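Asks: Single-letter residue listing:
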Amino acid sequence: MTAITDMPDLPRAARRPQIGNPVLRWLRTNLFSSIPNGILTIILLAILAKGVIGFVQWGIAHAVWLTPANDSSACKAVRGLGACWAIIPEKYRFILFGTYPFDEQWRPALSVALFIALFYLSSRRTLWRRELAFLWIGALALISVLMWGGVFGLSFVSQDRWGGLPVTLILATFGLAFGFPLGILVALGRRSKLPAIRSLSVLYVELIRGVPLVSLLFMASVMFPLFMPSGFNIDKLLRAQIAIILFAGAYLAEVIRGGLQAVPRGQYEAADALGLSYWRKHRLVVLPQAIRHVIPPLVNTFIAFFKDTSLVLIIGIFDLLTTAKTAIIDPAWQQFSVEVYIFVAAIYFVFCFAMSRYSRSLEATSGR
Amino acid sequence: MTSDDPRPPPRHSFFGALGPNELKGLFWQVLVVGIAVAIVVFLWSNTVTNLSARRITTGFAFLGREASMPIADSLLAYNPRDSYLWAFVVGVANTLRVAVIGIVLATILGTLIGVSRLSANWLLSRLAALYVEVLRDIPLLLQLLFWYVLMQGLPAARAAWRPLDGVFLSNRGLILPAIPIGMPQLWVLGTFVLGFIAFLAIGRWLVAQQMRDGKPRPAWPFALGLIVVLPAAVSLLLGVSWTIEWPQLRGFNFVGGLTLAPEYFALLIALVTYTSAFIAEIVRSGIQSVPRGQWDAASALGLRRSFMLRQIILPQALRVIVPPMTSQYLNLTKNSSLAVAIGYQDVVSVANTTLNQTGQAIEVISLIMAVFLTISLGISFFMNWFNARIALAER
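Chains as they are written, first to last, in UniProt numbering: chain A, 1 to 368; chain B, 1 to 395.
In short, the hints are calculated from the structure, not lab data. A quick note: this is a predicted structure, and the numbers were derived from the prediction, not measured. Just so you know, not all the hints are guaranteed correct.
[As the list claims (entries may be wrong)] Label-pair distances were calculated between CB atoms; the ranges are:
no.: 1; chain 1: A; residue 1: R25; chain 2: B; residue 2: M211; range: 30 to 40 Å
no.: 2; chain 1: B; residue 1: R305; chain 2: A; residue 2: V78; range: 50 to 60 Å
no.: 3; chain 1: B; residue 1: A223; chain 2: A; residue 2: R25; range: 38 to 48 Å
no.: 4; chain 1: A; residue 1: P22; chain 2: B; residue 2: S299; range: 45 to 55 Å
[Said to hold, decoys possible] Just so you have them, the derived chain B footprint on chain A, three or more residues with Cβ under 8 Å:
no.: 5; segment: 53-67
no.: 6; segment: 90-96
no.: 7; segment: 101-110
no.: 8; segment: 135-143
no.: 9; segment: 172-179
no.: 10; segment: 206-214
[Stated by the list, open to error] Quick list of in silico lysine-lysine cross-link-like pairs, DSS-like style, CA-CA up to 25 Å:
no.: 11; chain 1: A; residue 1: K193; chain 2: B; residue 2: K24
no.: 12; chain 1: A; residue 1: K50; chain 2: A; residue 2: K193
no.: 13; chain 1: B; residue 1: K215; chain 2: A; residue 2: K281
Just so you know, even glycine gets a beta-carbon here, dropped at the ideal spot from N, CA and C.
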């Protein structure tokens, strides 16, 4: 063995001579490296070509892009052959904003823009400071003013007229904004040395995680009036929001607990040695490190919640998916639900894909 | 929160035994538990008052009453005159039917796609990545509605698509040829399962023998004997018939064969494709977690590729794969409750109807919780057992 390690550096195995066209070379190494591989490539290409051609014919070549208002006859003529994208310009206001007063729909539109700006700013690493919390409070307050109105000359719009994309974003964002602190408290509770607090936290997390969100939402919509003193009732949207916060809290708690476990013991001991109290120890020393550890899984949990807000369809709250489903009840357009679902899927996809890309870039840089 | 002071505090009386930190801890616990108890008591007393105001008696007596709810698609015999209890059992069976088959299919599809993502073939790995990315980033409920709309858009029974002989796809669902299973067929299937278990045991014994003296022993004669010849012999001895029942179009509907209703079929497709995207990622990261050196070492020993995968790579990858897989299985089971959106009567859907008809909210919700906690515990128990079996044997 020593003979080998003591040998002077041998010239590296001569690299394969780079001959021929680089495109052909790439094809050869990546698509036709062996005979079975080549056959596989050809089969895949055939399937892909068939799929793409079929989609282009349906989605572009034979598609109807625009029709006169409320007239679906052109679409019905190509039914089965081509897509009816004309339903989107016809219905997009309803799908995006639900039954919000038509002339006031710039307000939910502006709210959506504010949400997107808020998400963008929160993703910048350089802005991860305490001021970010104030930014969140300010933006959410501004959005509430825009949506409700009733002040600054804005007319009041009650919650049951809200709908579409703003409702989806509200459910997801407020769910996280309140679920996150709740999750931190429960995660700390689960790691606490006090037996009563620990068992309460475990009970909460396991009960919530053990049942599907659908049944929690049913509980919020059907059972809530039973739980409250008679005569006391709160809005359906708020009830669903509470269910989503409780749900988010339990899942986020488990992610944060993972982060707490990753903080070395020495950090706790050093904080104790400095004489910090329990809360100051966690706020100044432990939590900043713990949360930094779990940012990628946290973003993945956010993606899951964003998608899960669509379940409020089952209890009849007008989020983006419900407005889409309602838009196609219109008998004239009933047969073109696939196009509407594709449109809504694209909106969800853009949000989730951006988040998952972001999570991946964080994962790639977090090691440094 | 324990005392930071290394010297034990002086112990005089009961409270003297507690240092300042313990007292603080006690205070917090009493406070938090007190608040929790107060909330529960508040909600409980409200509920009791409200229920008595609505003349609803608490308790599970309502389960014996006639359910009078229709359940279109069920494994077990059911009619609306049966009791709520039986309707509930039928709902549980429907949930299990979609969850168990969904878990099996999603595992197979997810593994195939996860392996495809690592393929040397660029096109295959890109297509697999596209599949994962698209399916993961669209809400499951939206996908479910999409599949259901596609099912409803299929041609009527008379003009059904026939992708294969005897297979019909129409707005009545998927109709497949089936083999009627009775008692004699069950005997043969039982022999098959027993033969398979015996073969696994013999396989382990053979490997143990090889570990001892290094001589490889072929396992295939046992496989042939126990899994193929034995059930075939039983089948011949008992004279079991395996006639295939072909579905036929009669009037507006199909007779014979196995029918998967559109609701069930849409739910199964949505759950399987959605979950398989997550499983694919788990499988990919599991395989990637096996260090390159393990592949190199196995090839250097001159092992065949299949043997290398089975004995070297897979056991190591499984250790990374199994724990997250457990939570995917649990997710699939919980997600099956979305069935209520398209009218497939799973346990949540049946419970919801029961709730609307009887108003027995607490009982119904606790039944749902009991069912899902039992299923979750069952899956976790099985996966923990499996995980313990494959975990690294530390020496």
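Asks: Hints the structure violates: just list their numbers, smallest first.
Replies: 1, 4, 5, 6, 7, 8, 9, 12 and 13
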